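> Listed here are the chains, written in short residue letters.
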Amino acid sequence: RERQRHRQREEKQGQPHKRRKTSDANETEDHLESLICKVGEKSACSLESNLEGLAGVLEADLPNYKSKILRLLCTVARLLPEKLTIYTTLVGLLNARNYNFGGEFVEAMIRQLKESLKANNYNEAVYLVRFLSDLVNCHVIAAPSMVAMFENFVSVTQEEDVPQVRRDWYVYAFLSSLPWVGKELYEKKDAEMDRIFANTESYLKRRQKTHVPMLQVWTAEKPHPQEEYLDCLWAQIQKLKKDRWQERHILRPYLAFDSILCEALQHNLPPFTPPPHTEDSVYPMPRVIFRMFDYTDDPEGPVMPGSHSVERFVIEENLHCIIKSHWKERKTCAAQLVSYPGKNKIPLNYHIVEVIFAELFQLPAPPHIDVMYTTLLIELCKLQPGSLPQVLAQATEMLYMRLDTMNTTCVDRFINWFSHHLSNFQFRWSWEDWSDCLTQDPESPKPKFVREVLEKCMRLSYHQRILDIVPPTFSALCPANPTCIYKYGDESSNSLPGHSVALCLAVAFKSKATNDEIFSILKDVPNPNQDDDDDEGFSFNPLKIEVFVQTLLHLAAKSFSHSFSALAKFHEVFKTLAESDEGKLHVLRVMFEVWRNHPQMIAVLVDKMIRTQIVDCAAVANWIFSSELSRDFTRLFVWEILHSTIRKMNKHVLKIQKELEEAKEKLARQHKRRSDDDDRSSDRKDGALEEQIERLQEKVESAQSEQKNLFLVIFQRFIMILTEHLVRCETDGTSVLTPWYKNCIERLQQIFLQHHQIIQQYMVTLENLLFTAELDPHILAVFQQFCALQA
Amino acid sequence: DHGGILCGDSSLELSEYQDQQFGGDNDEQEKLLKDSSTLYVGNLSFYTTEEQIYELFSRCGDVKNVFMGLDKIKKTACGFCFIEYHNRFDAENAMLFLNGTCLDDHTICTDWDLGFREGRQYSHHRSGGQIRNEFREDSDIGRGGFGKQAQAHDRRGIH
Numbered sequence: 001r002e003r004q005r006h007r008q009r010e011e012k013q014g015q016p017h018k019r020r021k022t023s024d025a026n027e028t029e030d031h032l033e034s035l036i037c038k039v040g041e042k043s044a045c046s047l048e049s050n051l052e053g054l055a056g057v058l059e060a061d062l063p064n065y066k067s068k069i070l071r072l073l074c075t076v077a078r079l080l081p082e083k084l085t086i087y088t089t090l091v092g093l094l095n096a097r098n099y100n101f102g103g104e105f106v107e108a109m110i111r112q113l114k115e116s117l118k119a120n121n122y123n124e125a126v127y128l129v130r131f132l133s134d135l136v137n138c139h140v141i142a143a144p145s146m147v148a149m150f151e152n153f154v155s156v157t158q159e160e161d162v163p164q165v166r167r168d169w170y171v172y173a174f175l176s177s178l179p180w181v182g183k184e185l186y187e188k189k190d191a192e193m194d195r196i197f198a199n200t201e202s203y204l205k206r207r208q209k210t211h212v213p214m215l216q217v218w219t220a221e222k223p224h225p226q227e228e229y230l231d232c233l234w235a236q237i238q239k240l241k242k243d244r245w246q247e248r249h250i251l252r253p254y255l256a257f258d259s260i261l262c263e264a265l266q267h268n269l270p271p272f273t274p275p276p277h278t279e280d281s282v283y284p285m286p287r288v289i290f291r292m293f294d295y296t297d298d299p300e301g302p303v304m305p306g307s308h309s310v311e312r313f314v315i316e317e318n319l320h321c322i323i324k325s326h327w328k329e330r331k332t333c334a335a336q337l338v339s340y341p342g343k344n345k346i347p348l349n350y351h352i353v354e355v356i357f358a359e360l361f362q363l364p365a366p367p368h369i370d371v372m373y374t375t376l377l378i379e380l381c382k383l384q385p386g387s388l389p390q391v392l393a394q395a396t397e398m399l400y401m402r403l404d405t406m407n408t409t410c411v412d413r414f415i416n417w418f419s420h421h422l423s424n425f426q427f428r429w430s431w432e433d434w435s436d437c438l439t440q441d442p443e444s445p446k447p448k449f450v451r452e453v454l455e456k457c458m459r460l461s462y463h464q465r466i467l468d469i470v471p472p473t474f475s476a477l478c479p480a481n482p483t484c485i486y487k488y489g490d491e492s493s494n495s496l497p498g499h500s501v502a503l504c505l506a507v508a509f510k511s512k513a514t515n516d517e518i519f520s521i522l523k524d525v526p527n528p529n530q531d532d533d534d535d536e537g538f539s540f541n542p543l544k545i546e547v548f549v550q551t552l553l554h555l556a557a558k559s560f561s562h563s564f565s566a567l568a569k570f571h572e573v574f575k576t577l578a579e580s581d582e583g584k585l586h587v588l589r590v591m592f593e594v595w596r597n598h599p600q601m602i603a604v605l606v607d608k609m610i611r612t613q614i615v616d617c618a619a620v621a622n623w624i625f626s627s628e629l630s631r632d633f634t635r636l637f638v639w640e641i642l643h644s645t646i647r648k649m650n651k652h653v654l655k656i657q658k659e660l661e662e663a664k665e666k667l668a669r670q671h672k673r674r675s676d677d678d679d680r681s682s683d684r685k686d687g688a689l690e691e692q693i694e695r696l697q698e699k700v701e702s703a704q705s706e707q708k709n710l711f712l713v714i715f716q717r718f719i720m721i722l723t724e725h726l727v728r729c730e731t732d733g734t735s736v737l738t739p740w741y742k743n744c745i746e747r748l749q750q751i752f753l754q755h756h757q758i759i760q761q762y763m764v765t766l767e768n769l770l771f772t773a774e775l776d777p778h779i780l781a782v783f784q785q786f787c788a789l790q791a
Numbered sequence: 001d002h003g004g005i006l007c008g009d010s011s012l013e014l015s016e017y018q019d020q021q022f023g024g025d026n027d028e029q030e031k032l033l034k035d036s037s038t039l040y041v042g043n044l045s046f047y048t049t050e051e052q053i054y055e056l057f058s059r060c061g062d063v064k065n066v067f068m069g070l071d072k073i074k075k076t077a078c079g080f081c082f083i084e085y086h087n088r089f090d091a092e093n094a095m096l097f098l099n100g101t102c103l104d105d106h107t108i109c110t111d112w113d114l115g116f117r118e119g120r121q122y123s124h125h126r127s128g129g130q131i132r133n134e135f136r137e138d139s140d141i142g143r144g145g146f147g148k149q150a151q152a153h154d155r156r157g158i159h
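Protein chains in written order, with the numbering used here: chain A, 1 to 791; chain B, 1 to 159.
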């Protein structure tokens with residue numbers, strides 16, 4: 001029995017064994033859901049006959065299950081946009097059989113659209129708008145009423161005192177529906193459409209684009225310009241218009257049913273007023289369109305549609321939609337991607353790889369967690385072992401070639417992706433192809449990239465493995481063996497101050513000493529900073545910190561667990577030694593000296609020290625900008641530590657805010673119960689809760705203040721070092737654009753982008769205190785680009 | 001509104017595994033598993049270190065704890081571990097994206113766990129190793145060669 005239990009646990013690697021459904025009650029509804037969701041998938045019958053069959057089944061079920069069917073269809077419109085035209089055809093067939101149902105469906109969609117907009121679900125709202133516009137092609141909605149809706153959309157561009165991102169969205173919703181319905185709308189209402197186009201064009205000409213450089217993956221315009229998304233879409237629609245709306249890529253099942261559908265009566269969309277802008281409205285961030293391939297990259301296969309072709313737009317949209325629908329199930333996602341309809345006419349693997357990297361490198365952040373893309377690509381390689389790995393290798397090569405102009409944040413993601421990917425394929429790679437990096441300045445992007453990749457590969461394996469996988473010529477780029485550096489370890493350290501205390505401590509630690517015993521040993525350590533200690537001898541004494549931290553970390557060097565144990569056991573000593581700000585900084589400094597060969601250990605120790613409050617977030621920020629770290633300032637591990645620190649700070653604030661909210665809600669419930677029962681006795685209970693709320697309120701304010709201070713410290717330090725560099729370059733007459741500078745200015749950008757929601761709260765302070773007009777324009781530009789993002 | 005086809009996260013569902021040493025009943029076990037932030041990770045190489053595990057699993061969020069699975073008798077690594085995250089969300093990401101991928105050239109598997117308690121890091125089999133490893137028929141150098149010879153020899157000489 002035991003054997004069976006254990007074996008079952010690991011039987012199906014990658015797909016756990018599912019528990020059976022027990023409920024019988026909703027069998028019919030589940031069946032309907034299943035029919036609707038599955039239509040369009042691989043089947044023995046044609047899509048047309050499946051749609052016709054399903055329309056018949058649903059029509060028959062309308063009397064009893066109408067609201068369920070309405071809900072299901074609205075849901076698939078929202079959540080399965082890659083199957084848009086399949087579902088619009090289905091709705092068209094239903095409308096032809098039951099006019100009232102068609103009307104109710106349109107009303108339900110409009111209601112859903114309004115809800116989505118109010119809930120700031122703008123991405124879903126686009127799919128709903130597109131669905132409605134394709135319903136024109138299915139004779140469910142009358143073209144003139146759709147044109148009227150688009151007129152209202154584009155009139156939002158005339159609104160004043162609203163964020164540009166609001167106006168952008170309404171224009172985007174209009175333009176991105178045109179590949180599906182442009183032809184029909186133009187045929188019916190060309191004069192009105194021309195007017196809407198003219199308004200759109202004048203808006204696109206006058207809108208500001210300060211934010212664009214901050215969102216571009218590469219700073220170079222060659223080989224492919226990194227266009228702002230609305231500019232690209234406009235160019236694509238212009239070309240489509242010039243081609244007289246001939247669009248051949250979109251699958252249009254309704255064409256086969258034309259004789260039935262054109263007999264159907266159409267509905268008019270009710271006049272749609274875009275909901276007004278409110279303070280709570282949050283619109284999507286602008287984007288830059290990521291392009292890395294064109295038709296020259298796959299000379300053997302089908303031609304890749306050009307960057308301004310509407311086919312390119314539709315393919316990319318559909319692939320993004322597939323990922324959005326299935327990202328949590330990588331096997332399904334990969335299968336859906338590789339079975340994209342019409343795949344024989346396009347270089348599908350190239351599109352897939354480009355779309356995945358587009359998401360992975362998207363600024364400010366990828367739509368989904370980074371690791372998802374890694375495992376999706378691995379799954380795709382498994383699914384298409386004869387073709388996809390080659391495209392991926394080609395892509396990797398291209399990304400490597402263009403490292404010089406790639407945004408630092410994107411390089412980070414490239415490093416993490418590539419190292420994790422290699423670890424799934426026994427680290428096989430043709431490193432010699434990258435020998436050009438060996439002769440370059442080690443601080444320039446290519447050798448730096450290789451060094452960071454090898455470091456991450458080592459973390460996923462072990463040091464000797466890395467030496468084995470690269471050619472001997474690459475040994476200079478291999479990471480250091482992650483060993484501990486103990487300064488009191490060898491004979492030459494006899495003369496170091498504190499050496500004898502260090503030996504004493506080592507003995508004490510090994511004999512399982514208590515905190516008190518350690519304190520008493522440390523009492524004997526002289527303070528190099530002052531002539532006489534104060535009474536307790538615990539003012540900032542760097543030498544005490546040095547001997548304690550060096551010795552303890554050295555003894556606990558065996559593993560992370562050993563080190564964490566040591567931090568926990570001697571927490572009291574740590575807290576006392578690191579009480580002052582200087583103390584905290586020195587603890588970090590000494591820890592760094594011990595573990596400078598093992599960046600991973602440094603990161604986990606900093607994490608633990610923050611969580612156990614040995615150091616605070618500001619200390620870590622100051623340490624990162626300190627002179628001791630200047631040599632490692634451009635290394636990836638430093639920035640991973642900083643961003644992890646900021647995230648911990650953010651989570652801490654959220655946690656206390658949540659506690660406060662919960663306490664307030666509890667009080668409100670108590671009040672309500674009291675007014676219901678008219679019970680005086682709970683007045684006393686109120687007191688304790690009110691006190692708790694007051695305490696939490698103070699805690700929240702204190703945490704928020706600490707959080708703001710952390711960002712201000714970081715920005716201040718950036719401004720200082722960047723200004724220093726700029727002034728020096730001016731004096732020396734050298735170029736500002738060194739690899740260090742590019743790295744540093746993009747790291748500043750990264751702070752803004754990765755934590756933009758929090759930083760938005762500080763705009764006034766930042767503008768008045770730090771990013772003032774007197775600042776060097778290079779630095780000020782970053783702030784201005786950030787302001788433009790949601791302006 | 002519905003956990004059906006449109007929900008798309010069947011990879012998070014519970015497996016058939018039931019911890020026989022758990023004190024409560026099956027419903028209780030199921031509820032704890034649904035809130036758990038701890039994962040069991042199996043089919044590790046005997047040589048895989050805590051550091052490697054941290055690196056891989058940190059890609060899903062900050063790792064709170066790693067408890068290496070040990071041979072009950074020899075107290076050496078025997079190819080499994082428990083990983084605890086600070087929150088459920090990060091653990092879910094690990095289940096979704098790391099289950100069935102490689103660590104140290106082994107395809108690892110992850111499963112929800114009730115939460116680490118002292119004693120659970122020891123394998124159950126009488127001879128010290130994991131039951132599945134005793135009956136493994138293929139040769140896996142990283143898991144002691146063929147199944148019946150669970151010899152954990154540290155070729156890297158680190159620990």
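Worth flagging that the hints you see were computed from the coordinates, not collected in a lab. Errors might be hidden in some of the hints.
What the hints assert, rightly or not - Quick list of in silico lysine-lysine cross-link-like pairs, DSBU-like style, CA-CA up to 30 angstroms: (1) B:34 x A:608; (2) B:72 x A:666; (3) A:209 x A:222; (4) B:64 x A:658.
Treat the numbers as computed from the prediction; the structure is a model and nothing was measured.
> Are the hints correct? Go through all of them and say.
Taking the hints in turn, this is what the structure says about them:
In summary, the hint linking residue 34 (chain B) to residue 608 (chain A) is supported, as the alpha carbons are separated by about 27 angstroms, within the 30 angstroms threshold. Simply put, residue 72 (chain B) and residue 666 (chain A) have alpha-carbon atoms about 48 angstroms apart, too far for the 30 angstroms limit, and the pair is violated. Pair hint residue 209 (chain A) plus residue 222 (chain A) holds up; C-alpha atoms about 20 angstroms apart against a cutoff of 30 angstroms. This hinted pair checks out: residue 64 (chain B) and residue 658 (chain A) have alpha carbons roughly 21 angstroms apart, not beyond 30 angstroms.
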